[in-house]
Amino acid sequence: MAENDEPLVKIRNLHFSRGDRKIFDGVDIDIQKGRITAIMGPSGTGKTTLLKLIGGQLRPDQGTIHVDGKHVHKLSHSQLYELRKRMGMLFQSGALLTDINVYDNVAFPIREHTKLSESIIRHLVLMKLHAVGLRGARDLMPSELSGGMARRVALARAIALDPMMIMFDEPFTGQDPISMGVLVTLIRSLNDALDLTSILVSHDVQETASIADYIYVISEGKVVEHGSSETLQRSSSPWVKQFMEGLPDGPVPFHYPSLDYADDLLTGSRP
Amino acid sequence: MMDKLQQLGAATLGVIERLGRGHIFIYYAIKGFPALALRPNLVLAQVFSTGVLSLIIILVSGLFVGMVLGLQGYNTLVDFGAEESLGVMVALSLVRELGPVVTALLFAGRAGSALTAEIGLMKSTEQLSGMEMMAVDPLQRVVAPRFLAGAIAMPLLAAMFSAVGVMGGYFVGVGLLGVDEGAFWSQMQASVEIDEDIINGIIKSFAFGIVVTWIAVFEGYDCVPTSEGVSRATTRTVVHSSLAVLGLDFVLTALMFGE
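These protein sequences, in sequence, are chains A and B. For the first sequence, the positions run 16 to 286 when the numbering used here is used. For the second sequence, the positions run 562 to 820 when the numbering used here is used.
Calculated from the structure, these hints are not laboratory results. Keep in mind that the hints are not guaranteed to be accurate.
Anything over 10 Å on all C-beta distances counts as not near chain B; from chain A, calculated [what the hints assert, rightly or not]:
1) R33
2) G78
3) Q107
4) G196
5) W254
Partial chain A-side listing against chain B, Cβ under 7 Å, derived [to be verified]:
6) M104
7) S108
8) A110
9) L112
10) R126
11) G162
For glycine and all other residues, C-beta sits at the position ideal for the given N, C-alpha and C.
My request is simple: use the sequences and hints to build the entire structure.
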């Protein structure tokens with residue numbers, strides 16, 4: 016992967032707001048092919064919103080997003096759906112269909128988009144499930160899966176149509192150490208084995224830094240730093256340092272803005 | 562004063578905007594109908610869950626409504642010595658009015674609320690979003706078959722409601738109160754017209770089926786994706802579709818039977 020390759024996802028001057036709140040205020044991001052690029056930032060910085068913008072589920076107020084050379088928000092409905100067939104997305108909740116079992120969940124996109132026979136679909140589904148280690152769980156219903164297993168099934172479903180890229184929305188949140196380790200390994204190994212491009216949105220610094228080839232740190236609508244994880248660890252920005260090291264106080268204060276503590280205690284009754 | 566006016570304006574705009582969204586929504590769902598011709602199983606499964614699973618409540622209600630009609634009708638008609646017209650009275654009340662209307666109200670409570678809750682929960686658990694990202698349009702895959710199934714199931718349920726109701730009227734009128742059996746059936750046969758009564762009743766129930774299912778699927782799809790949002794949407798489905806059925810019934814009745 017040479018540095019000067021045309022990026023798979025090219026975001027330029029992205030502006031997006033919800034009501035009066037600005038979520039993105041001129042963001043530029045390049046996602047290079049074949050790599051794992053992480054987008055990090057504190058909760059509520061719009062990381063999930065960014066994935067929805069890339070997937071065309073939301074429209075930006077200003078700016079452009081190109082995926083594989085195509086301007087996502089200028090595509091027709093059918094062109095956008097054609098593009099989405101080549102994009103996998105792993106939701107934080109897994110977003111499995113709750114009324115069908117694991118096998119049918121993984122088979123769902125294949126059945127919807129191809130006319131393959133059931134015997135071929137069976138092979139494909141079992142291969143995908145084997146890749147995430149859950150071939151034996153094919154008959155379970157989503158309600159019988161643990162959070163980590165549900166995410167692995169969702170991962171098998173996301174790679175069912177052999178996409179060119181996968182977007183991971185907070186894959187490590189709420190996982191026990193073992194599930195976390197499994198997911199970290201799976202994301203790295205699937206990315207390399209299937210020659211995917213991965214976009215990983217997360218605020219779990221250690222796990223993300225251990226597998227990401229390139230990291231963007233977003234705060235208050237802007238990219239505050241980007242580079243490899245080593246570059247970020249050495250960053251001179253106090254904000255990035257606080258975020259990467261998980262310090263409780265720093266440029267992001269521990270206390271929500273408030274009156275002076277002593278004044279507040281001495282004012283007697285509630286205002 | 563200005564505040565009040567502003568609020569009124571904002572509320573009115575909100576309602577109009579929502580109506581507009583509802584129409585665009587159903588337009589895209591209907592665009593998915595041709596694709597359903599290739600996958601009739603999707604519709605059949607929904608006809609089962611909206612129609613067949615509503616059968617018990619519809620049949621039991623129909624029986625009791627018919628029995629009450631038989632009893633009340635007999636008490637009024639016997640004063641004029643016209644109790645032999647009981648069959649006509651029961652049949653016309655059911656086919657023209659009570660069959661379509663009561664079925665639609667029950668359908669809104671049984672199947673409509675279930676549709677809203679199901680789609681609302683799919684939205685709040687990101688299943689609809691997940692489908693979109695798998696390049697499967699939820700309007701065509703989830704909404705279209707449910708909408709079509711509701712419109713198919715409703716006239717069938719109303720017909721069964723009326724048929725069972727007539728039987729209920731027969732049991733009470735002929736069986737218990739001693740109305741002449743021959744008169745009961747022959748007067749009914751002579752007075753109930755296919756095009757005037759039956760067809761109009763079917764048109765009504767078809768229209769109610771479309772309206773109730775439309776409201777139910779839209780409320781689910783448009784709900785706030787939280788548990789409170791889903792519960793409010795479910796309530797709105799039952800309230801709005803019941804009111805819509807009763808209002809629309811007046812309009813249709815005026816068009817069909819008003820001279």
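Hint check:
1. For A/R33, the non-interface assignment is confirmed: its Cβ lies about 14 Å from the closest Cβ of chain B, beyond the 10 Å cut-off.
2. The Cβ of A/G78 sits about 21 Å from the closest Cβ of chain B, beyond the 10 Å cut-off, so the non-interface label holds.
3. The beta carbon of A/Q107 sits about 8 Å from the closest Cβ of chain B, which is not more than 10 Å, so the claim that it is off the interface is violated.
4. Every Cβ of chain B is farther than 10 Å from the Cβ of A/G196; the closest lies at roughly 25 Å, confirming the non-interface assignment.
5. Look at A/W254: its CB is around 31 Å from the nearest CB on chain B, clear of 10 Å, so calling it non-interface holds up.
6. For A/M104, the suggested interface contact is upheld, since its CB lies about 4 Å from the closest CB of chain B, less than 7 Å.
7. Restraint check, A/S108 versus chain B: the minimum CB separation of about 5 Å is within 7 Å; hint holds.
8. Hint status for A/A110 relative to chain B: holds, with the closest Cβ pair at about 3 Å, below 7 Å.
9. Against a cut-off of 7 Å between C-beta atoms, the interface hint on A/L112 holds, since the closest Cβ of chain B lies about 6 Å away.
10. Here the hint on A/R126 is broken, as its CB sits about 10 Å from the closest CB of chain B, past 7 Å.
11. Checking A/G162 against chain B: minimum C-beta separation of about 13 Å lies over 7 Å; hint violated.
Of the numbered hints stated above, those contradicted by the structure are hints 3, 10 and 11, listed in ascending order.
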